[in-house]
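Number of protein chains: 2
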Amino acid sequence: MNGADALITTLADNGVTACFANPGTSEMQFVSALDREPRMRSVLCLFEGVATGAADGYGRMAGKPACTLLHLGPGYANGAANLHNARRAFTPVVNVIGDHATYHRDFDAPLNSDIAALAAPNSVWVKSAETADSVGPLAAEAIIAAYGTPGGNACLVLPADAAWNEATVKGPMVTPPAFAAPDAASVEAVAKALGGATKPVLLLGSGACGEAALAAAGRLAAHGVRVLTDTFTARQARGEGRFRPDKLPYFGELALKDLDGVDLIVLVATQTPVAFFAYPDRPSVLVPEGCSVETLCGREVDAAAALNALADALGAPAAGPVETYAAPDAPAGRLDAWAIGAAIARHMPTDTIISDDAVTAGLPIFTQTKAARAHDWLSLTGGAIGQGIPLAIGAAVACPDRKVLALTGDGAGMYTVQGLWTVVREKLDVTVVVFANHAYRILGIELGRTGAGNPGPAAAKLLDLGDPRIDWVKLAEGLGMAAERVATAEAFEEAFARAMATPGPRLIEAAM
Amino acid sequence: MNGADALITTLADNGVTACFANPGTSEMQFVSALDREPRMRSVLCLFEGVATGAADGYGRMAGKPACTLLHLGPGYANGAANLHNARRAFTPVVNVIGDHATYHRDFDAPLNSDIAALAAPNSVWVKSAETADSVGPLAAEAIIAAYGTPGGNACLVLPADAAWNEATVKGPMVTPPAFAAPDAASVEAVAKALGGATKPVLLLGSGACGEAALAAAGRLAAHGVRVLTDTFTARQARGEGRFRPDKLPYFGELALKDLDGVDLIVLVATQTPVAFFAYPDRPSVLVPEGCSVETLCGREVDAAAALNALADALGAPAAGPVETYAAPDAPAGRLDAWAIGAAIARHMPTDTIISDDAVTAGLPIFTQTKAARAHDWLSLTGGAIGQGIPLAIGAAVACPDRKVLALTGDGAGMYTVQGLWTVVREKLDVTVVVFANHAYRILGIELGRTGAGNPGPAAAKLLDLGDPRIDWVKLAEGLGMAAERVATAEAFEEAFARAMATPGPRLIEAAM
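Protein chains in written order, with my numbering: chain A, 1 to 512; chain B, 1 to 512.
Keep in mind that the hints are not guaranteed to be accurate.
As a list, the in silico DSS-like pairs of lysine-lysine whose alpha-carbon atoms are at most 27 Å apart [as the list claims (entries may be wrong)]: (1) B:K427 <-> B:K64; (2) A:K64 <-> B:K461; (3) A:K199 <-> A:K370; (4) B:K461 <-> A:K427; (5) B:K64 <-> B:K127; (6) B:K127 <-> B:K199; (7) A:K127 <-> A:K199; (8) A:K461 <-> B:K257; (9) B:K257 <-> B:K370; (10) A:K461 <-> B:K461; (11) A:K427 <-> A:K64; (12) A:K192 <-> A:K127.
FYI, nobody ran anything at the bench for these hints, they're computed from the structure.
Remember, it's a predicted structure, so these values are computed and weren't measured experimentally.
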């Protein structure tokens, strides 16, 4: 057993059985050791941002960490944007970052860099295994750290000699930390505050949007409390049979309008709402004048238990309202996000997982699917576009029996287009819908909002993706994926229904 | 004039007139200000790694910095791998990293992160412009820092409010720092050491491979001193009319074999040679037993002046040997890197710029082109693959009258494939050659060298790119680029000759 064996065995012993990898020379021992640990499924990604986004998607759906395998500082850096998103989703991820042999670092070879310093800003835990015998125990530490609670990125730096030297120990079996029980005093205080409020809202964060927490929040809705979620949540149980909260609008002024008159915001596993970006002369904090803010529980607490305790304290009904299945009418005519959302709602099967990197198209589809078959919706939590395809890969590896739908803007999709190849290679049941509006549409909106005025030709050119026009069908086919382009609502509906009925990789370019 | 105007004006005043950009909401003021500064050419890149690699290529060829425009921490991170390469090339680059408004950071909105901490490991200078009036002066500081000497990454964090607020000052005109004059004592000491050595070599780093420094090194070669360069140099003047040094082999054992019996290594703008990676039971430092190491000059010194001073001190001839043009025979039969190199040497025009990210195919082509028409060769200095296409973009923007050739492995090319789109959009005279061997071929070699043994099926799968097979012609066409696939030496020669004779973007997939 060398250090790499100790690492992979410790990971597998603790249920970390998926590895999204883009290895290099310093990781060859790890790669070789994979053949000695059949419990580990390794998935090659052609760019590290695909690997880290996939680990995020896996963690959100499996409720346990995958690992990534990254090649020194630059490999980590390539994956850091999607790890930023994972951090904001509180997803457990174990990143194994290969490094030069310990004694080789001092010579500052070309690939040398300060990996720990690079990884620190996005991580809850960073350590380097300086000896073969430290690899297993540190891997166990990393797993615990990744779980949290709440979860996050744990980065284990693996020097090449720690991997190739003989190891005498592997790491222990560890128990994932449990979320804390709700604090009785907080429950009582919030119950009292709700009693005195005339227009209270409950705001749910990522940790409070699973099926159990939403059912508990539904009880409070039945009691008359309006329930909202953060604009972007890691994973939300939606559709048939689920309670449907509202969503805090993305633009701050719309959020404040929506909260107009609210005199109490109760935070559940989230923080005081703030605008996604600052704008001249607009507020950062999205709390109306005179509104007080109370916290039911932080992210380290079992949100479902806290919400049920609150519901019990208020004497709320045992169950709240849930959606009954209702499909929109068949869309017709012009192809827009509303039409696409209607088709999706009509045809996606029960338990579909939606990875949303659709940017401006996301909200219409979110709205259209509110009463669709039961599904999980995974949002872009950290604002770093390029998450849609990678997240879908990880979700599909975690849940091989569920249909996965990656919704991506064309600008966002180009960031991690390499992921299409991995979808095909792993024969994942992923349908990719690309919203081909040939623009960074959101930036056209934001340019005006930031007070930057109307774009001149130079500015307009930086928001435009139409010259040359990207042909997503050719791109997908170039990476081995079956693809088609549709330009009307009817054609989309037909293509999408076919994709839902047929397992396996497929891309639909929605020409908008 | 707002802060963004002050920034762009200061940049343009100081000759920073190319901006490789992937902006987001927090950069809209900068984007808008571009229309008020016609001296700045902005180039949209669909992924930040393309933007930073392009800035590296621009800096290597223009000898002055370009700027990048990046969107907060994740945008920087996406560009960090190619900035790692730029750091190792000592290329001057000014990175403008947009940030939230200063007052908005404390609220920890989703895109918030510690940008300065992320940027520090790859940078020579990182500062944040906290007010509109600090933007211009700090931009001038960043430019000076980027120049060095030697050059490096300077990162100017630009909070949104510093960009949109009114500025009363722009930054000063600054003078790029000059490289230092050679130190007479060092020259004398090296001259003396050379006099006492029986088998000395001169080792040239990135800063000593320009035309003037190589001509000076040629004088020493004429005096009987063997001249080598580092394995990977930022920019090397090669071919007809240039002195041709040898290159230190990539693999450590080959380097040591090449240096066998050498009793003196003289470092010129470089460091003691070390192996690219560590391997079990192989040395890290590539200096033979008993060989002494002397330094003629560090990277902050004018290497050409130092080499000429040394040549003068030794009484070396006024000029050394230079290559005369000699083309290999027309290649025939099987298409391999040697055949491709022959075709390149036969057809590339004078002053071609070669961006080399060809990995295992690089050395054969380097060898074949040794007596080709005069050209510049840009190496992968930092080992972070995915540099080839981006670097070519920047080189082509810097040198619009020169043919640019991007040589890329298929694995490397997939990292930043988005760059093809920018080549087309900007109508750059870039020919991309993709070595489609459908494998991470280098890793197959390295797996054995690291002692990791023969790959089992799991390991082999992580080195293989052939399932599904990537169709580079479709990929290129999907991004608007004319492309063709060739599978024989004759077909390559014909396609390549045509590409050289025709201006504009073109991709050749070399099926190997």
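Results of checking the hints against the structure:
1. B:K427 <-> B:K64: holds (22 Å)
2. A:K64 <-> B:K461: Given that 27 Å is the threshold and the Cα spacing comes to 25 Å, the pair holds.
3. A:K199 <-> A:K370: holds (24 Å)
4. B:K461 <-> A:K427: holds (14 Å)
5. B:K64 <-> B:K127: holds (20 Å)
6. B:K127 <-> B:K199: Judged against 27 Å, a Cα distance of about 48 Å means the pair is violated.
7. A:K127 <-> A:K199: violated (48 Å)
8. A:K461 <-> B:K257: Distance of about 54 Å is beyond 27 Å: violated.
9. B:K257 <-> B:K370: Distance of about 22 Å is within 27 Å: holds.
10. A:K461 <-> B:K461: violated (41 Å)
11. A:K427 <-> A:K64: Status holds; Cα separation ~22 Å.
12. A:K192 <-> A:K127: violated (45 Å)
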